[in-house]
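J.: One letter stands for each residue in the lines below.
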Amino acid sequence: MSLDAQPPAVGPQVGSDEWVARQAHRREYAPGWVGTAQRASQRIGWWPRLAIAGVAGAALPLLGLGGFQLQVGIDALVIALLAVGLNIVVGWAGLLDLGYIAFFGFGAYGFALLSSSQLGSHGIHLPALLSLPIVMIGAAILGLLVGLPSRRLIGDYLAIVTLFFGEAFVEFTNNVAPGSLGGPNGIISIDPIRIFGNIQFNSNESYYYLLVFLLVAVMAVLRLLDTSRTGRAWRAVREDPLAAASMTIPVNRVKLMAFAFGAMVAALAGTIFAAQQISVFPTDFDTPILILIYAGLILGGAGNIAGAATGALIVMVIYDGLLRSPAESGYLFYGLILLTLVVKLRPWRRLGLVLAATAVLGFAAHAVTRALSPAAVAGGPQSAGWIAAALRDWVIVPANPQVPGNFGFVLLVCLLIAIVQVKGHWRTILLVPTIYLAACVWEARLIVEYSVTRQLMIGAILIVMMNARPQGLLGVRRVEAAI
Amino acid sequence: MNVPAVPPQSGSAEPGPAEPGPASPGSPSRGADGPPGEPVLNLDRLSLSFGGLRALADLDLQVDDSEIVSLIGPNGAGKTTVFNVITGVYQPSSGDVRFAGRSIAGKPPHSITRLGIARTFQSLRLFLNMSVIENVMAATYGSTKAAPWESILRLPRARREEREVRALAEEVLSFFGQRLAGYRWDEPAYSLSYANRRRLEIARALATRPRLLLLDEPAAGMNPVETHEITELIGRLRDERDLAILVIEHDMHVVAGCSDRVIALDHGVKIAEGGFDAVASHPAVVESYMGRDPEALAEAE
Chain A
0 MSLDAQPPAV GPQVGSDEWV ARQAHRREYA PGWVGTAQRA SQRIGWWPRL AIAGVAGAAL
60 PLLGLGGFQL QVGIDALVIA LLAVGLNIVV GWAGLLDLGY IAFFGFGAYG FALLSSSQLG
120 SHGIHLPALL SLPIVMIGAA ILGLLVGLPS RRLIGDYLAI VTLFFGEAFV EFTNNVAPGS
180 LGGPNGIISI DPIRIFGNIQ FNSNESYYYL LVFLLVAVMA VLRLLDTSRT GRAWRAVRED
240 PLAAASMTIP VNRVKLMAFA FGAMVAALAG TIFAAQQISV FPTDFDTPIL ILIYAGLILG
300 GAGNIAGAAT GALIVMVIYD GLLRSPAESG YLFYGLILLT LVVKLRPWRR LGLVLAATAV
360 LGFAAHAVTR ALSPAAVAGG PQSAGWIAAA LRDWVIVPAN PQVPGNFGFV LLVCLLIAIV
420 QVKGHWRTIL LVPTIYLAAC VWEARLIVEY SVTRQLMIGA ILIVMMNARP QGLLGVRRVE
480 AAI
Chain B
0 MNVPAVPPQS GSAEPGPAEP GPASPGSPSR GADGPPGEPV LNLDRLSLSF GGLRALADLD
60 LQVDDSEIVS LIGPNGAGKT TVFNVITGVY QPSSGDVRFA GRSIAGKPPH SITRLGIART
120 FQSLRLFLNM SVIENVMAAT YGSTKAAPWE SILRLPRARR EEREVRALAE EVLSFFGQRL
180 AGYRWDEPAY SLSYANRRRL EIARALATRP RLLLLDEPAA GMNPVETHEI TELIGRLRDE
240 RDLAILVIEH DMHVVAGCSD RVIALDHGVK IAEGGFDAVA SHPAVVESYM GRDPEALAEA
300 E
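The listed protein sequences correspond, in order, to chains A and B.
First residue of the first sequence: 0, per numbering that gives the first Met the number 0; consecutive thereafter.
First residue of the second sequence: 0, per numbering that gives the first Met the number 0; consecutive thereafter.
One chain only, chain A, in its complex shape:
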């Protein structure tokens, strides 16, 4: 029901708390064109929104994305599918399932066994339309089994037990049955997905489109489920299991159902992953991937389907895409700093002063250092592109940046802690050397060690998110019951 659509003045008089409710409702929208866009997207309803997002996603390869970027897109879509499935268990049913990644692995290995020469003398080569349902139903049954402890365990205890299950899966595929599962060597030369006899998915483009379609379809299905009795029961169990049981909801059955549905979505993601990679290895299903899925879900907003997908896409594009190509990761790094400054520093005069001071400090420091010892600035920025060219006479990067860079990093952490501790003008003043040092450390070390940097970046983004918008990008604010 839209409050804005109510006829004014006719009917019962507006009470004061109704008025307050309406005002609060209005304030949910941001001012300006952002708010207009928000309101418009609210008005068109959920499935046109989803369709628009799907079409936009499908149009990306037409805009010239290809090769490396397409692979990033495929990875991001797989993780998004997983996050949307995890949202059922964690976001709706409120069950902290840390073994979720194993269902992804089960789907991938299940599909691999049914579509390769791994088993038997000739192998099994089922058509995808047959092996897909088999794998998904198998995952659902496995989900029911793994969910059984949730009848007795909640919270931390369930998390630990399911974490063991996830680790057990990796160990199992690694060690227990090397003959049929390939052990550390995994399963290779898996058939591509082939449907209706002759439509075969064998290029990255085709898998990209398939994944966009599947993500949109799964999101639509889950949206329909969310607004049904099943979805309400899941959320009721999350909010208060005792009250849910007292309101005719069979809590244990509903929890198991959440596990089964989550497992099915994960297995679906696994089959596509296996078919697209043409191979599966135990390490593909280890804890780091689980952390990425959780990061995406939390960043986007647990409990919200669109949020889960968006968060996972953002995390994966940052994690996989930008930070692997130095030129583009610079946009992210400096862009984030600039954005934070613009958002947080007011009035404008102060923002201008900080930026100007940082620029002046950089050029001065660079000039002084070069005068003292040319070797100390001989390194130059290690990133590429026009940003590097612009910063050539600004950042100090020694000829051999490794050790000074490490010291700089430690100093940067100290400065960040100091900034958090001081208040008022001191904070503004301290901001200038901190930004400059951050840029130097970035150009000297972080840009090169991207496997470390991307972890740091994800952590930093989550910290900022936690403070700015704890419910996640698209999440809805939640309150905890004060019991």
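Derived by calculation from the structure, the hints in this document are not laboratory data.
Here the structure is a predicted model, which is why all the values come from computation and not from measurement.
Note that the Cβ used here is the ideal one computed from N, Cα and C, for glycine as well.
One or more hints might be untrue.
As the list claims (entries may be wrong) - Computed, partial: chain A to chain B, Cβ under 7 Å:
1) V220
2) R222
3) L223
4) L224
5) R228
6) T229
7) R231
8) P240
9) M246
10) P249
11) D319
12) G320
13) S324
For this one, chain A is given, so just place chain B on it according to the hints.
T.: The following block gives chain B in isolation, referenced to the frame of chain A:
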């Protein structure tokens, strides 16, 4: 609900089949329906022990059709424990719980609620992050049947059930008039005031279509006006929805205002039963609340 068509609540303190004369349409005719001689709720020598602690001892308690029974007693007397045993949260150590002639002891909470016993909680237990109307709709899970795939495909049964459930929720919420008016339905439950949260809990309980309603301190934390409203509401629930009601309450205005019968508990034992005036002045009840009068003690010795 636009007209609060409430017949002035008689505030009867008399037990037994009082109030002769023209009964309103939904008015009770106690003992007329149901198996003859069998009350809606019958606790038969019910005992519950936690280790060495006897929470309830040989408790007998009956609630008849369309009867409002109040359960009073000092803190820790075992009142909420009675509710928890009836609704299946605790299993009785001995004795039986019979509802409409059937034993329900040992059944899980959701089955018991499906049979027709709904409750509210002393410390509110709403689904705070769900909307007001979703709170009520969630309570119809047991009375609907659509499987998940039916809901996904929006098959006829799922659509019909969803329509019915929504209509039921709107009807139940309308029972509370302006307090839970339509503009609040899509707001999250946490945005409600404390008194409205209590009302929403009752609405949620009503959505399970109960025959017996268990209210655990419905007036706790309410101001005098709201307390009066709750007293009237309990009467309306009985008169208009034909419910049997067992209510735990500390506010004696509420107890006096709505009860057909009052039962006093102390240390898990029933110490008095009868009309409000009789129970409120019963020596054992006074003693349980106030402690023993030293002078009376001296005289007795």
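J.: Does each hint fit the structure? Answer for all of them.
T.: Right, here's what the structure says about each hint:
With a least beta-carbon distance of about 5 Å to chain B, the hint placing A:V220 at the interface is held under the 7 Å criterion. Because the closest C-beta pair between A:R222 and chain B is about 10 Å apart, greater than 7 Å, the hint is violated. Here the hint on A:L223 is kept, as its CB sits about 5 Å from the closest CB of chain B, short of 7 Å. Because the smallest distance between the Cβ of A:L224 and any Cβ of chain B comes to about 6 Å, under 7 Å, the interface hint for this residue holds.
Taking 7 Å as the C-beta contact cut-off toward chain B, the hint placing A:R228 at the interface holds, the least distance being around 5 Å. A distance limit of 7 Å between C-beta atoms decides the matter here; for A:T229 the minimum to chain B is near 5 Å, and the interface restraint holds. With a least beta-carbon distance of about 4 Å to chain B, the hint placing A:R231 at the interface is held under the 7 Å criterion. With 7 Å as the threshold, the beta carbon of A:P240 stays out of range of chain B, its nearest partner Cβ sitting at about 10 Å, so the hint is violated.
For the restraint placing A:M246 at the interface with chain B, the shortest Cβ-Cβ distance is roughly 4 Å, inside the 7 Å limit, so the hint holds. With 7 Å as the threshold, the beta carbon of A:P249 comes within range of chain B, its nearest partner Cβ sitting at about 5 Å, so the hint holds. Look at A:D319: its Cβ only gets to about 32 Å from chain B, farther than 7 Å, so that hint breaks. For A:G320, the interface hint is violated, since its Cβ never comes within 7 Å of a Cβ in chain B; the closest pair sits about 33 Å apart.
Against a cut-off of 7 Å between C-beta atoms, the interface hint on A:S324 is violated, since the closest Cβ of chain B lies about 40 Å away.
Hint compliance for this structure: hints 2, 8, 11, 12, 13 are broken, all remaining hints hold.
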